[in-house]
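**Student:** Make the full structure from the sequences, and use the hints.
Same order as they appear, the protein sequences are chains A and B.
Residue numbering for the first sequence follows the working numbering, beginning at 1 and increasing consecutively.
Residue numbering for the second sequence follows the working numbering, beginning at 1 and increasing consecutively.
Hint data in this document are derived by calculation from the structure and do not stem from the laboratory.
Honestly, I wouldn't trust all of these hints.
[As the list claims (entries may be wrong)] In silico lysine-lysine, DSS-like type, Cα no more than 25 Å apart, as pairs:
id : chain 1 : residue 1 : chain 2 : residue 2
1  : B       : 344       : A       : 7
2  : B       : 397       : A       : 7
3  : B       : 6         : B       : 18
4  : B       : 365       : B       : 378
5  : B       : 18        : B       : 45
6  : B       : 177       : B       : 126
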Amino acid sequence: MNLERIKPHFPWMTLLALVCVVGAANPAFFDPLGLLSLVTDVVPLFIMALGMTFAIYIGGIDLSAQQVANMVTVVATVYLSQFGIGVAGICILAGFVFGAVSGYVTTRLYVPSFVSTLAMGFVALSAAKYLSGQRALSMDVTERNTSFGWMFDSTVGVPHQLAIAAALLAFAWFLQTRTSFGRALKAVGSGELAAVASGLNVDRVKILAFAISGAFAGIAGLLFSVKLSGGDANLANGFLLLAIVAVLVGGTPLTGGVGGVVNTAIGTLIVMVIRAAMVYLEISATQQQMVFGVVLIVAIALTIDRSKLSGVVK
Amino acid sequence: MYALNKVDKHFPGVHALKAVDFQVGRGEIVGLVGENGAGKSTLMKIIYGAYQPDSGSITIDDTTMRFQNPRQAMNHGIGMVFQEQSLITNLTVMENIFLGYEQQFVKFGIVDWRAMAKAARHQLAKVKLDVDPSAVTSQLSFAQRQLVELAKVLTLEERIDGDLVILLDEPTSVLAKEEVELLFRLVRDLAKRASFIFVSHRIDEVLELSDRIYVMKDGAVVDVVGSDAADVDDIQHKMVGREVDKEYYREQKQAPYATDKPLIRFDNVSMDKRYRDISFDLHRGEVLCLVGTEGSGREAILRTIYGLEAPTSGTVTIKGEQVTRFAAADGVARGVGYVPRERKVEGIVNGMNVYENMTLSQLKKYSDLGVLRVGDEKEMARDWVDRLAIKTPDIRKDCGGLSGGNQQKVVLAKWRSGGSDIILLDHPTRGLDIGAKEDVYEMVREMSGAGVGIVLVADTLEEAIGLSHTIIVIKDGEFQKRFDGTPGAKPSLYDLVHHMI
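**Tutor:** So this is what it looks like as structure tokens:
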């Protein structure tokens, strides 16, 4: 049995095993309507994790995702009446710009991404607080329904939110596997020095990866804000850890280069099942983060490619 | 006393050691020779504990040993003097000597520097080196540092019971002739205290110093000869498996190059601290070899041509156009291809397959509006796999799993398929076995015949002489001499070395 060979199959096997265990303990888990609402609930998290995948795939990380989403909830609420559905564009652009700045700081100023994105996260948080005046804002119900009400409808039983998630997954997958940008991402993640020596503009690839992560965080924030019909600087708190866990348990290691967006879809489902199990076991919300913290460490330890670490971990 | 019995070692795609038997007697100096890629360094790493053998055993006085790391090997008396110096240059000499073993000088949590200096002086006396133990290592010459390394290993004498085995990995490569003699006298003298394994590619030196010589080729020991019964030609023949002759470097295929319109013109180009006032022309079909010691500035010149590093003064002209912006992407666009020394790190992307590696430098050519045409990529890759006889089960195979020679072919295919007509080769045969080396030589000739200009930094001087039309010797970043390498009138090793050091 070759461990390296079965490693790529760990994520879906884990998912399958978890589903079986949870389903056996609580057969109600398989109720189609309940399952559907579980999956739908996890959509904003999934979108954030999808973006995060790009940052992690090149061997970086985006710690600003949650704060960017927070900021976007405020932006969406404040500007909804002025721009209507156009506020979506502003939200995505804001996320994109924040990510691009993180990427610029990382590549051109040589600040490691975990610091640059952490710092940009605080900038976003501060912007959210300033913009909201530190209050919880809410959207005008009519305006919300006119512009974004369609998101929460469903067609032949399929919630539109799920369709959005599927479309974004398809887009991200296309980007990753079918474009020269995706190929460059893989090269940067697997062997950055060889990518440089092949004449690729590695800095641009990295900046774009962080910008995409930011844009997806923006979309996640927008969706969340519309869902809760409001915005405040703490609305998306608790997302960051889960998004990182989703990417890593999906099988994209912190060292980058393998895994990808489909893995993240599986990883998000794993997170969802674990969360459902904890609810069933009546583990309180305060303790859930503890469990995910442990899951994160285990996932990192299992997936990380030690041959890429030069023996020095700081 | 010390023995390896039927030791085997595999790496992905390479059978690095094939049932190697190796013995060292007490007080013996054993030579180990072989070409690059013959398995010398793997064997050494097994001896000093950095690698563990896949099968076979290591015995000391008939007791089987298994070392998980170099420290365990050290605790059994096996020390290594590294070729690429392992001293930390901003520490003092004594700190380096006792690095990792400072505990013996610590009293109440404080290092007793005087005691350490005294002990260090004792070690330095063993190697007859008269330097201040509290001097910072960077102030020492290379030869002195080499002796400090030896002194560091000799601390084992006090630390452990039993015999010492000391590995010397190419200790003479940075030394001048008198320094080499000094080192040899010292080693002979020290043979009373320890056994030595002396690794070098300079066969005459190995003959001079060693009692017995192991000759390696393609991962196996092909012969063991007593130094009194051996001569240089004989050993060389065994190392290579045939005469190293003109055939080997394909000299008969060396055609004159076109002398009109140079591909590259360097006009008094300098780069801070790396090289100064370098001028040369590279023509179509020319193989130009930059010769010099490690750190003489050869690599920096290659990287400048490719666009990875910008010069500080002078003008670089490529195909008649002066280069104003130095970026690798621009280099690629000008038709420059770079085959880096670190094949596994910079050459191929480990984790990407054959066709993905081949198109990495030309993604624009294989995409429309950013969307890849994977079918075209595969077609091109299949074509080049055939043309260069790349041994891979499939173009979807991860390049990290190919053998070194085939990885190098993939790197070359990447540039050739993109139409590069200036190819920079940095140690293109490093770590390849002989068959693969010959393939590379064949490709060099074939490319040069097709009008490609090649700038080469060779793995050995023989290779530099054998392959090139023109040799430029560089020392400490400065131009020394230009040699013409027309077949039949090639410079000798001695001519080159004379200007290098």
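**Student:** Against this structure, judge whether each hint is valid.
**Tutor:** Hint check results:
Distance check on the hinted pair: residue 344 of chain B and residue 7 of chain A sit about 23 Å apart at the alpha-carbon level, within 25 Å; holds. Taking the CA atoms of residue 397 of chain B and residue 7 of chain A, the gap is near 18 Å; set against the 25 Å cutoff, the hint holds. Simply put, residue 6 of chain B and residue 18 of chain B have alpha-carbon atoms about 8 Å apart, close enough for the 25 Å limit, and the pair holds. Distance restraint check for residue 365 of chain B and residue 378 of chain B: the Cα-Cα separation of roughly 13 Å lies within the 25 Å cut-off, and the hinted pair is therefore satisfied.
The straight-line distance between the Cα atoms of residue 18 of chain B and residue 45 of chain B is roughly 15 Å, inside the 25 Å bound, and the hint therefore holds. As the CA atoms of residue 177 of chain B and residue 126 of chain B are separated by approximately 21 Å, the hinted pair is consistent with the 25 Å bound.
In summary, this structure violates none of the numbered hints.
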